Amino acid sequence: MTTALALQYLVAGLTYGTIYAVVGIGFNIIYNTTGIINFAQGEFVMLGGMTAASLHRLLPLPLAVLGAVALTTLVGAAVELTFIRWLRRPSVLRMIIVTIGVSILLREAALHLWGEGVRSLPYFTGDEVTALELGGARVSPQVLWSLATCGAVVVALQLFFHRTRTGREMRACAANREAAALCGLATRDLVTLSFALSAGIGALAGCVVSPITYTRYDIGASLALKGFTVAILGGLGNAGGAVAAGFLLGTLEAFSIAVLPAAYKDVLAIAILLLILFLRPSGLFGDRELARLGAS
Amino acid sequence: MALLEVRGLCKRFGGLQAVQDVSFGVEPGTVKALIGPNGAGKTTLFNLVSGVTAPDAGQVLLRGQAIQGRPPHEVAALGLSRTFQQIRLFPGMSALENVMVGAHVRGRAGFLAGLLRLPSTWREERALEARARRALELVELGHLAAAEATSLSYGQQRGVELARALASDPALLLLDEPAAGLNVRETDELARLIGRIRARGVTVLLVEHDMSLVMQVSDEVAVLCFGQKIADAAPQAVQRDPEVVRVYLGEDEC
Amino acid sequence: MPRARHLQLALLAAAVVAVQLGADAAGKPFWLTQLTMAAYGGLVVIGLCLFMGYAGQISLGHAGFFAIGGYTAAALTTADLTPRRGAALVELAARVHLLTLRPDLYGGELLTVRPWPAALAAVALAALVAALLGVPVLRLKGHYLAMATLGFGTVVSAVVVGTEGLGAADGLSGVPPFELLPGLAVAGGAEARAQNYYLAWGLVGLGMLLLLNLVHSREGRALRAIHGAEDAAGAMGIDAPRAKLRAFVLSAAFAAVGGVLMTHYTGGIGPSEASVMRSVRYVALVAVGGMGSLWGTLLTGTVLQFLSLRGVFGSFDDAVFGATLILVMLFAPEGLLRLELPAGLRAALARRRPPPAEG
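Quick mapping for you: the protein sequence lines, in order, are chains A, B and C. Just so we're on the same page, the numbering used here is the position in the first sequence counted from 1, plus 65. Just so we're on the same page, the numbering used here is the position in the second sequence counted from 1, plus 388. Just so we're on the same page, the numbering used here is the position in the third sequence counted from 1, plus 15.
Extracted from the complex, chain A is given alone in its bound form:
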């Protein structure tokens, strides 16, 4: 493999890694405030990409993306308000099944709304053939858009969780929900916010990568699985870990195409997931205590 080719794979890996990382972060946000793993996380990405593609027929690109993110954020909040909010102390099994049901409904709604066709947004700058020369590899500017967006999301979330009052409240909620409730924090609203937030960032990622990876009504399930792999690999609840793990998984996948049939690409992610679950459920960067609590 030449250096240029290797770089090409690396770039492709980083692009996919961006979505995996953002889905992983989405898992983490909801997990941190509720202890729930939201199996519908991948559908938020799909909704973002699909909605933006539809809106773009009427609106200029920035407005279409903005609108798609706003709409998906509302969907995220609506999911929490409709299905999660009024359950009192539900069992883990029950929550898993409810969010799986939600993911199916979102997917089926998308199927009936948009059909089975593949959609995508146009390239944000330039087009398919525009490329920057980077050490012999050709890099689409859209890849840079993806990486920049991912970076911006992580930085914005860090600022939000550490610098704003609401963000700090959400962290308190994560540390101990009952204590937070006793302190008078409206934990229920914070949970709604966490669903809205993770839906919003999922949608944003869905828009940014849409020109390269395309969007279809059924991409959610595999994204959820990979996002979960990334969240676990990075240590559940650890945003920085999720980013690192996302890029790692994306890159591994990209390079695997060189040796494995393309149909088996998904198998790699799952093999990693199973391996990490067996060997180190706390993840590569996570602390063991958290994983142990999460596991019980």
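It is worth saying that the hints were derived from the structure and are not from the lab. Don't take every hint at face value.
What the hints assert, rightly or not - One-sided and incomplete, this derived list gives chain B residues near chain C with beta-carbon spacing under 10 angstroms:
1. Arg-395
2. Gly-396
3. Pro-460
4. Ala-464
5. Leu-477
6. Thr-538
7. Arg-628
Here the structure is a predicted model, which is why all the values come from computation and not from measurement. Every residue gets a Cβ at the ideal spot worked out from N, C-alpha and C, and that includes glycine.
Following the hints, put chains B and C in place on chain A, whose structure we already have.
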């Protein structure tokens, strides 16, 4: 030889030395109580003996066989049975079925035998059921065998738990604060029940808060304070022990 | 208790006969075809019910076990070994009567594995995979177990679609009838429709008998105890990981048996049978039937699968199962039918419930 022998047991959680070099023995056929103020390490010691946690150092010998660090289900199979401080009955199952689970180690029918319901299986099943009914009779709850266990009153649930622990005919019965949440009358009944259990030759190790119960039923009492054993003698002797009195009257740190 | 079980099975038999007579009288004998398929789907669902409802675990990969069963049976009974005649393994298999010669569609002859050894191999393979997967995975709980089994299901689905030898997107077809006993074959076709209907439901009855036996046995009680309070079960001498593993392997074997029989009945299998959505559907059927009720699961499982096969839900098929799943989990987590205990008695018992223990 003591039925249960604990030698130099130590357990540390982070910076807290929960149990420090504790040794004691329980003679066959006796009732031994483990008492101490809150945070003395009673529960930790209980968990170390029953296999829930592994000790940092020391040994737990049941009939001379080392059992420390072995998982609870293996410890149970060796003849050590327990109840829980917070009642842990199996929901959705009748009182009788709960107690039959307690007799699990007394059966050997496996998965395949269960699927096929072989004659040997249902004979064993009937034996387990008879054993469970006897245990329920012992705690005077035979009439509630068919009721869903978690629907019973608190005192009755405690009784079912005891029956469940007795159904395997254990060599050693571990009771974790059995009087917690019981009223005076129910505690008296419990004391009589422990007497009956002892009379059947079952050795009992009891962790308890309720002093009157402990003094009533125990042959020997060990006192823990801050993870260390400070006394180990007959109840009357322990009651007169100046150090124990000091700890319990709270005059001083131990 | 065994008497109650025999009565229930007799009721099942009566209902099966009544439905057949009803379908005949209504002039809709072709319903029996879908009811037969629903019965084989029912085998998957009752097996999963043991694992979810009684052992309290979750598997989002049961379509994978169904597919391992179906595809193995299909591959072994359709792959022509004629070109490999002379290979030591093929000769050995032929010598111990594992192989059979049968005419193919074009008048030629095929040398394939007989259905019986193929079926046994299929179920054994599913059980083996379940065991290998279960040892590490069953240490995990909740989300982790769900994701790990979902991952397993996805792998099976991806492998099936991506493998030419398994027909890729088209699946395998031309699977021969499966002669269970002389004169009694699992086969499609109108002439043997009623016979196959009774055969399928007879097998469901047998499966129910086995599972009902199990849940009322020593190991079955152990499973229910693990579900209720795993630590207490351990203190009673129950080796929880081992019991869960056995339940998992058994329920995978049920799914594989369903897959084998369905494949022989319909003459083929396609990748949609291995899809993750199919696994979710099995979970939905168990949930609707009431997690801990084999009879409820069998009833709702076969009725809903029958309606789905009849195309009643149209293009909303998956949506119906998704919505059902949510509604049941939100409003009736114990299932729509709680057959084991009438509601009045349940309420009366609930009133006497003591305050929950703290901590």
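To see whether the hints hold, each was checked on the structure:
1. Interface hint status for Arg-395 of chain B: violated, as the beta-carbon distance to the closest one in chain C is roughly 23 angstroms, over 10 angstroms.
2. The interface hint given for Gly-396 of chain B is broken, as the beta carbon of that residue sits about 25 angstroms from the closest beta carbon of chain C, more than 10 angstroms.
3. Hint on Pro-460 of chain B holds. Least Cβ distance to chain C is approximately 4 angstroms, under the 10 angstroms limit.
4. For Ala-464 of chain B, the shortest C-beta to C-beta distance to chain C is roughly 4 angstroms, which falls under 10 angstroms, so the interface hint holds.
5. Annotation: interface hint on Leu-477 of chain B holds; nearest CB of chain C at approximately 7 angstroms, less than 10 angstroms.
6. With 10 angstroms as the threshold, the beta carbon of Thr-538 of chain B comes within range of chain C, its nearest partner Cβ sitting at about 7 angstroms, so the hint holds.
7. Annotation: interface hint on Arg-628 of chain B violated; nearest CB of chain C at approximately 35 angstroms, more than 10 angstroms.
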